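Listed here are the chains, written in short residue letters.
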Amino acid sequence: MSDRIPRRAGALVLTLLLCALPFYLDAFWLRIGLFSMAAAIGAVGLGLLSGTAGQLSLGHAFFLAVGAYGYVWLAGEPGPGLPPALALVLAVLLAGAAGGLFSPVAGRVRGIYLGVATLALVFLGHHVLLTADSVTGGFNGRSVPPLELGGFAFTDGDPELTVLGVPFGAEERLWYLGLLLSALTWFTARGLLRGRPGRALTALRDSETAASVMGVHVARHRSAAFVVSSMYAGLAGVLLALAFRRVVPDYFGLALSVDYLAMIVIGGLGSVAGATAGAVFVTALPLLMTRYADQLPLVAAPGSAEGSIGPTEAARYLYGAAIVVVLLYAPDGLHGLARRTRARLRRGRSAPLPSDPATPSRPAASAVRAKEHTP
Amino acid sequence: MNARAPRPPRTAPAALEVRDVTVRFAGLTALDDVSFTVAPGSVHALIGPNGAGKSTCFNVLSGLCRPVHGTVRLGDAELTRLAPHRIAALGVARTFQNIVTTEGTVADNLMLGRHALSRAGFAASALRLPRAVREQREHLAAVRAIAELTGLARHFDTPVALLSYGDRKRVELARALCLEPSVLLLDEPVAGMNAAERARTAEVVADVRTELGLSVVLVEHDMGLVMRLADEVTVLDFGRAIAHGTPDEVRGDPEVLRAYLGGDAGQEDAA
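As given, the protein sequences belong to chains A and B, one line each in that order.
Its first residue numbered 1, the first sequence is counted upward by one per residue in the numbering used here.
Its first residue numbered 1, the second sequence is counted upward by one per residue in the numbering used here.
This is chain B alone, in the form it adopts within the complex:
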């Protein structure tokens, strides 16, 4: 394994196909026959009012939540049957809406992102076998380069708990990138960030997408960002996919306008 940091994904880019996925929580239908396809190397945005099922959809994609029926395929793999760590090993990485970092420095968190790519087990690490030490050193170099890329280099050895909200969001993004994913799931990557931080994150997402050719699934309330980054948009409302299309098509869709502006469906919440 060489130390150049962000590399193209290990697996050949494959389409992520979500077919007829239904999720129910005790009578509440969180996702209702949702289907969409994320083309390899594209940015696919999932938008919709709060409670529309966007995060549930992410939980299905990353294996945290099992659908009642429906399939999620990445290439040949059927993701709904796999445990989360197996899905991670296939190169699907995600961030969380509410930041979920672990104790320790930025470096520690990013190194966690290398877990699926490294092998040192309990015995090798305890005895500090040469291969475990070498592996750790190589991954540390890779992780440092990703920190560089995401603008976290100067915080590399800072405990995550001390970072600002925006920086912690960025740690999550960087940690997901450390997995060298072929599919990157971003759950509100710029929520709570100021304009400059938003621009910076958008830039990083655009960069990794063009340079590494990975697919990005994006949940975001910031419509400016969605319109700028997304190739395709799926709109969810009450667990149903009510519209698909390019950002421009979706913007003019009457169903979408109704979901966002009309009735009791709730207003767009930019926070």
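The shape of chain A in the complex, shown without the other chains:
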């Protein structure tokens, strides 16, 4: 309770900083930020399912695709051509409904087995995206209708907008939309985690028996976690589509699902802040490496000589290595690392204690949990 005020102040400073960034950064950096924000929303959703409820999902890319394509179809031509803002909301609900359709499986299948079951969704989804030409545009995908809210379009023009001498194009405008949606995600996800559902899901992960004996309806909570996670994925999909301005099927493959798992493992399972940090790391790294490929040792510029490592592959190696390092030395991820550092600093400031009874490294939420006690 004593650190509440500094924490609030910190959050305020961070918010102001994030709001000020479009005035100083160019479109490249803003785009990195946008992709990171979209990824963070999706990662928070997956964190809720895999980190908190202990249900592995490899199907996250599918629900991102449902959100992205749902928005494009609902707001575009061919399609009902709904107002884009309405299409955004409906796309999120559509992703939730898709998750709900899967809930007979998601409610019954536990942990790693659900991972295998959801794997099928990715391949199914990819196939549908390629073949249902009239809705998805097939292999070439579709362009994304820009978002419009009350006559204000999130595009480069219409209306032209210059704030404090800075021209506000699509990236600048979408940046604030991304911030808003990220804030919404944080607000709701933390409410969930700290409330009754979050405790029930944690209990389910740690011991299904204990949870059920304490009154938790196991199947219902597992399904609900899956639906909520799908809705976050849907929202992330819409934001990604808006940032990319074009959706293509190949983006929503298994690799994307694995990327999201990497995000929550690197960030620290079961924490909203951790999922966000992991999302930024995994998203920004390849983009930055592509940009600065010419200045990095051992990395070839994109599209150059064969046999060398391109920046995208190098980034994959790097975050693969990051996962190994995290699992070995900080199994609770960046979030746990930050917490321990903070605790150490605080202890250093007050009386230095010989041992650390106050701030332990909590038993880590490891990537694969198969802990189930039988009474």
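Among the hints, erroneous ones may be present.
Stated by the list, open to error - Which stretches of chain B does chain A cover? Using the computed rule of at least three CB atoms under 8 angstroms from a CB of chain A, they are:
(1) 73-86
(2) 93-103
(3) 107-113
Note that these hints are calculated values from the structure, not bench results.
Note that this is a predicted model, so its numbers are computed, not measured.
The beta-carbon is built from N, C-alpha and C at its ideal position, and this holds for glycine as well.
Fit chain B to the supplied structure of chain A, relying on the hints for placement.
What follows is chain B alone, placed relative to chain A:
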């Protein structure tokens, strides 16, 4: 819902009747036509050597294990047909022999005990609707009072994983009490505790029983505790109930002596 912590059970005290319950695990008969009745507001001990079927009996009572035949009735409810979470909602709470706590602080664990008593769902919690926030605050106050009662107040915000074995056992007891149960099933509540901790736990059990009038079913190897707390004792051996009665009656029963001391039936294991 008001915030005074331990309240009398929501449902009127009812007898817990176990009738002819048989459980088989692939040829092994874990419980063989076991019958006993727990009178409302009494402490009923289940004793017997290791492997006698005591924990299996608890698993039947809490819905984790379905009997081949037999019934368990609590008032009008037939428990053998209900899922564990429905049984919890009827006010049957239990602890486990091997401690089963979840990650998080003592407060988090105790709040889990309020799950069946609270209502906030995914939407209400995500949007932090006023009623969800209020509900959480009220239950937190109730839970704090139960922590007070069970001697966990100073550990309230400590991660459970850091607590000593005895304290973690106590967290389980407190979590079960948070359910405001009418029937409390305690599986070896003082195993692994030192003398002072045992006395403290016995005191808590005696207190909640007299103050709240709830029924307690107790599995315990500590005979001193059983003799002190129990109104009635059922002795199990190889899945059969071999004796019923008051602690004094059971102590003198030749069958019981044989089960504990004679033959290959195994010795009493106090651990």
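Status of each hint after checking the structure:
| no. | hint | in the structure |
| --- | --- | --- |
| 1 | 73-86 | holds (count 3) |
| 2 | 93-103 | holds (count 9) |
| 3 | 107-113 | holds (count 4) |
Checked against the numbered hints given earlier, the structure satisfies every one of them.
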